[in-house]
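Assemble chain B onto chain A, guided by the hints.
Below are the chains, spelled out letter by letter.
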Amino acid sequence: MGALVLALTALGLSLVFGVMRIVNVAHGEFFMLGAIVAWYVSTLTGSFLLALLVAPVAVAGVAVLADRFVLRRIGYEPESTIVATIGLLYILQQTVLTTYGPYARPVEAPVYFRVDFPWFGYSGYKLVVAGVAAVLLLVTWMALSRTTLGLQMRATQQDREMAQAFAVPVGRVYTVVFGVGAGLAAAAGALIVPVQQAHYLMGLDALLMSFVVVILGGLGSLRGTLVAAFVVGLSDGAISVLFSPTLAKIVATLLVALVLAVRGRGLFGEELA
Amino acid sequence: MTLTLDRVNCYYGESHVLRDVSLRLEAGEVLGLLGRNGAGKTTTLRAIMGLLRPRSGRIALDGTELGPLPAHEIPRHGIAYVPQGRRLFPYLTVEENLRMGLLVRGGGAETLDPVLDLFPVLRERLRQRAGTLSGGQQQMLATARALCARPAVLLMDEPSEGLMPSLVDRLLDAVVTLRARGVGILLVEQKVDAALRVADRIAIIETGRVVREATPAELSAEPEVLLRHLGVRR
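From first to last, the protein sequence lines are chains A and B. Position 100, counted from 1, in the first sequence is what the numbering used here calls 100; the numbers after and before it change by one each time, with no gaps. Position 117, counted from 1, in the second sequence is what the numbering used here calls 1117; the numbers after and before it change by one each time, with no gaps.
With the rest of the complex left out, here is chain A (with noise of 0.2 Å):
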């Protein structure tokens, strides 16, 4: 389950990188946001199924905001972008911390199953995760491959200048891109609430996660960054269980220490879908 999550908020973070250049520092908070809407529609309306439509939708409407005041005004240029992300970090951290509070709060799961085996047992909502996160993946590599916006993206990430020369609307498939980017990050982050609570500082350890998998498998590869997510996901919750959470994160940083030491541009470089 963590594997897949975490392929989801980090493929948003690739594809934001991937087509636009630019490195979303605030790409965790959009994964905190998710998880902060869903507890609210959730606890408004009883429907855990409505939160997880409405957040990926509502943080997909910040960005796009944020885009279009922002990130246009500054031209992409992107060490301006890293400062501006940055502050619009704190911004929605802050944001959430004077509304919603320093609380974590919690979400009943939709689904009370256990799938037992022998020797352990597993919840079933964490089944649900995974299998909505794949199928998530799935839509979005369709999407890339398959549609037309889809091809537009991924000429507009290998030559911006050539794309325009073909009438691909850069300005729109960039507002598209990263609210899409967003809207990835939000569903992992709802999706996630029933099993990790809904905190206003939970976007930091997603951003440092996704950071880890997208520069493993190669900044801008979706490719690469799925298998990344995978390897990381499953070591991160494998030595967490075993050893500490702390050990793992150094292991997964280590990790990409040794893939950036043998092979600069990560598993898979440049190329999307």
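Mixed in with the good hints there might be a few duds.
Stated by the list, open to error - Short derived list, chain B residues pointing at chain A, Cβ under 8 Å:
(1) M1049
(2) A1071
(3) P1075
(4) Y1081
(5) P1083
(6) P1090
(7) L1092
(8) E1096
(9) M1100
Honestly, the hints are just simulated from the structure, not real lab data. Just so you know, even glycine gets a beta-carbon here, dropped at the ideal spot from N, CA and C.
Below, chain B without anything else, positioned relative to chain A:
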């Protein structure tokens, strides 16, 4: 369709790279644009495509002003670009690169057949990634991709660069075929001979200024002009 540039001035930062450039390209005509490195040939094409904004002057296709349009709308008016160094989308397949061309005009049901008939080598490589093609095949693809947009005006920037002579001939044949179909072609070339062979008119550009316009016959009669402006002895 007629493409007109009227006293176009462009800058890269503070440096003045196009100075009052005026050109005129009619349908079914090949206009060769010659000049030394850095003279402003590529810049002229980039300005037409809207990738570089002129600070003054007018660029128009028939009655339509291209200057104020965003870059991605210019190709829809019938101008296609074969850039220097091909600049294919290297990780897209041959077919996807061609589809990028089709999409300029909406893309729906059109087939690739007319373009593939012109460049048959591409037909058997549709599923191959563009970046893995040979140099000659890449140039064919860059041209084919532009033609998929069914342009009225085609801008070609050094299409013969890095090609072996037999391929240069094939490419020039394609230029002639397109001209016969009524496409106006603005051909930037370093290979003066190639340009003189297919062009109806030649414009020579030097430090951002058009210094001479003539027919190939006139230029062939004045070798000193080519020597002075291009450093070419014929």
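Status of each hint after checking the structure:
1. M1049: holds, 5 Å
2. A1071: holds, 4 Å
3. P1075: holds, 4 Å
4. Y1081: Holds, about 5 Å.
5. P1083: holds, 7 Å
6. P1090: holds, 6 Å
7. L1092: At 6 Å from the nearest chain A Cβ, L1092 (chain B) passes the 8 Å test, so the hint holds.
8. E1096: holds, 6 Å
9. M1100: holds, 5 Å
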